[in-house]
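If you're matching them up, the sequences are chains A and B in order.
First residue of the first sequence? That's 2 in the numbering used here, and the numbers climb one at a time after it.
First residue of the second sequence? That's 2 in the numbering used here, and the numbers climb one at a time after it.
One or more of the hints may lead you astray.
Repeated chains share a single entry, so a pair holds when one copy, or any two copies, can fit it.
As the list claims (entries may be wrong) - Cut-off 25 Å, straight-line C-alpha distance, at most; resulting in silico cross-link-like pairs (DMTMM-like, lysine to aspartate or glutamate):
#, residue 1, residue 2
1, LYS143, ASP161
2, LYS67, ASP161
3, LYS57, GLU193
4, LYS67, ASP87
5, LYS57, GLU192
6, LYS84, ASP69
7, LYS84, ASP188
8, LYS143, ASP196
9, LYS84, ASP73
Quick caveat, the hints were computed from the structure, so don't treat them as lab data.
There are 2 protein chains.
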Amino acid sequence: MATSRWTAAPARTASPRRRGAVLERAILDAALEQLSTVGWRGLTMEGVAAGARTGKAAVYRRWPSKEDLVADALQAGLPRLEKAPDLGSVRQDLLALCRQARDAMYSRPGFALRAVIHECDPTQAERFRAVIFEGVVEPTVKLLREVITRGIRRGEVRSDADNGYVLDAVPAMMMYRAKVCGSEWSDVDLEEMIDQLMLPLLRPRGV
Amino acid sequence: MATSRWTAAPARTASPRRRGAVLERAILDAALEQLSTVGWRGLTMEGVAAGARTGKAAVYRRWPSKEDLVADALQAGLPRLEKAPDLGSVRQDLLALCRQARDAMYSRPGFALRAVIHECDPTQAERFRAVIFEGVVEPTVKLLREVITRGIRRGEVRSDADNGYVLDAVPAMMMYRAKVCGSEWSDVDLEEMIDQLMLPLLRPRGV
Numbered sequence: 002m003a004t005s006r007w008t009a010a011p012a013r014t015a016s017p018r019r020r021g022a023v024l025e026r027a028i029l030d031a032a033l034e035q036l037s038t039v040g041w042r043g044l045t046m047e048g049v050a051a052g053a054r055t056g057k058a059a060v061y062r063r064w065p066s067k068e069d070l071v072a073d074a075l076q077a078g079l080p081r082l083e084k085a086p087d088l089g090s091v092r093q094d095l096l097a098l099c100r101q102a103r104d105a106m107y108s109r110p111g112f113a114l115r116a117v118i119h120e121c122d123p124t125q126a127e128r129f130r131a132v133i134f135e136g137v138v139e140p141t142v143k144l145l146r147e148v149i150t151r152g153i154r155r156g157e158v159r160s161d162a163d164n165g166y167v168l169d170a171v172p173a174m175m176m177y178r179a180k181v182c183g184s185e186w187s188d189v190d191l192e193e194m195i196d197q198l199m200l201p202l203l204r205p206r207g208v
Numbered sequence: 002m003a004t005s006r007w008t009a010a011p012a013r014t015a016s017p018r019r020r021g022a023v024l025e026r027a028i029l030d031a032a033l034e035q036l037s038t039v040g041w042r043g044l045t046m047e048g049v050a051a052g053a054r055t056g057k058a059a060v061y062r063r064w065p066s067k068e069d070l071v072a073d074a075l076q077a078g079l080p081r082l083e084k085a086p087d088l089g090s091v092r093q094d095l096l097a098l099c100r101q102a103r104d105a106m107y108s109r110p111g112f113a114l115r116a117v118i119h120e121c122d123p124t125q126a127e128r129f130r131a132v133i134f135e136g137v138v139e140p141t142v143k144l145l146r147e148v149i150t151r152g153i154r155r156g157e158v159r160s161d162a163d164n165g166y167v168l169d170a171v172p173a174m175m176m177y178r179a180k181v182c183g184s185e186w187s188d189v190d191l192e193e194m195i196d197q198l199m200l201p202l203l204r205p206r207g208v
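For reference, chain A alone in the conformation it holds in the complex (with noise of 0.2 Å):
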């Protein structure tokens, strides 16, 4: 599923003119797709250079390695979720959140990023950790709690909810059932794991 998805990406032509913004954008994107085709350990430089209808010195011109390309390519490229829902209720917020993200998650860049994750050693992940860490789970929890903290100040929501371990409960079992159970999230799933999962969690003391 994940070979085949991207590979009808938009045509690209050859132009020995590009350079500049436009050359490195159709290397970052070209890392992309390897990594969300062929995963972290098939992506190649020669790879990156074809995909981009470039030559292999004009990668290692602006990247010398292939953790410093993979590492730009995904802070360009991972989807920006930066306006939290705001629908009058922490399950419409919650829901409409957990949609977005799995449609990231879903995404070409989700792909690449998963790759990233699942695919690199101890030592390659430190590398992109801070990565990961700036670009999508920050990002996500800061989402997240702007949703929680809205659903204390209306009640609805208990007023110790706003810690780690809550806010991480999403994004933890979203990964966990696509990677363990194979779940692909539709709106039914996303549903109930706000019903079974969030609004229980949430739930204020004495309710």
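Starting from the known structure of chain A, arrange chain B on it as the hints suggest.
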């Protein structure tokens, strides 16, 4: 870390007379060792044969493919969590169970299992899903369910807490933080997870 931890395994002596169950056990052990050090992609039938001090033919005679070998090695080597702790409170029981799970996670078969979960592509992963489900997920969920239903009977846990998302919350969080945050799940981390995630999630209504 994963690379050096298991290389000092008990010294193996070459024995041309090993056969049947003994040789089979040596091959399965060698497969687990390869998985936990060089991972799924790094594992070769040659490497396993060398690790078991036997010939490639002896391996192929029993297992026609790497997939078959790895499935059997996991099935034979996975740590068994067979008894749910019964210490008088859901907090103590969960803590004891999580410690067992953490120790299993950082055992050699645990590393091997995660190599398979994380490195396999979706088609290969399908091949191992049943092994992982029957060998790890189901037994763990069974013990969690025992602890939780006992808590329901004691009135410590809300009566509708025995559902899939609640039962998956611990495995999901342990996998997520190990992968994404590099957590090694100290006893203190486990206590925080129980106190901030599981106890609020299990709390009876009206309390």
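Have a look at LYS67 and ASP87 and pick one of within, between, both or neither, based on CA distance no larger than 25 Å. This pair counts as neither: shortest intra-copy Cα distance 40 Å, inter-copy 51 Å.
Check LYS84 against ASP73 for me: Cα-Cα at most 25 Å, and say if that holds within a copy, between copies, both or neither. Within one copy only: 23 Å inside a chain, 48 Å across chains, cut-off 25 Å.
Given identical chains, is LYS57 near GLU192, meaning Cα to Cα at most 25 Å, within a copy, between copies, both, or neither? neither (47 Å within a copy, 51 Å between copies)
Alpha-carbon proximity context of LYS67 and ASP161, limit 25 Å: Answer is neither: 43 Å inside a copy and 50 Å across each miss the 25 Å cutoff.
Classify it for me, LYS57 with GLU193: is the Cα-Cα distance of at most 25 Å met within a copy, between copies, both or neither? neither (48 Å within a copy, 49 Å between copies)
Within, between, both or neither, where LYS84 and ASP188 count as close if Cα-Cα is 25 Å or less: Classified as within: same-chain Cα gap 20 Å, cross-chain 36 Å, threshold 25 Å.
Taking 25 Å as the upper bound on the Cα-Cα distance, should LYS84 and ASP69 be classified as within, between, both, or neither? Intra 29 Å, inter 47 Å, cutoff 25 Å: neither.
Treating 25 Å as the Cα threshold, decide for LYS143 and ASP196: within, between, both or neither. both (21 Å within a copy, 22 Å between copies)
Indicate which option fits the pair LYS143, ASP161 if close means a Cα-Cα distance not exceeding 25 Å: within, between, both or neither. within (16 Å within a copy, 30 Å between copies)
Violated hints, in rising order: 2, 3, 4, 5 and 6; the structure is consistent with all others.
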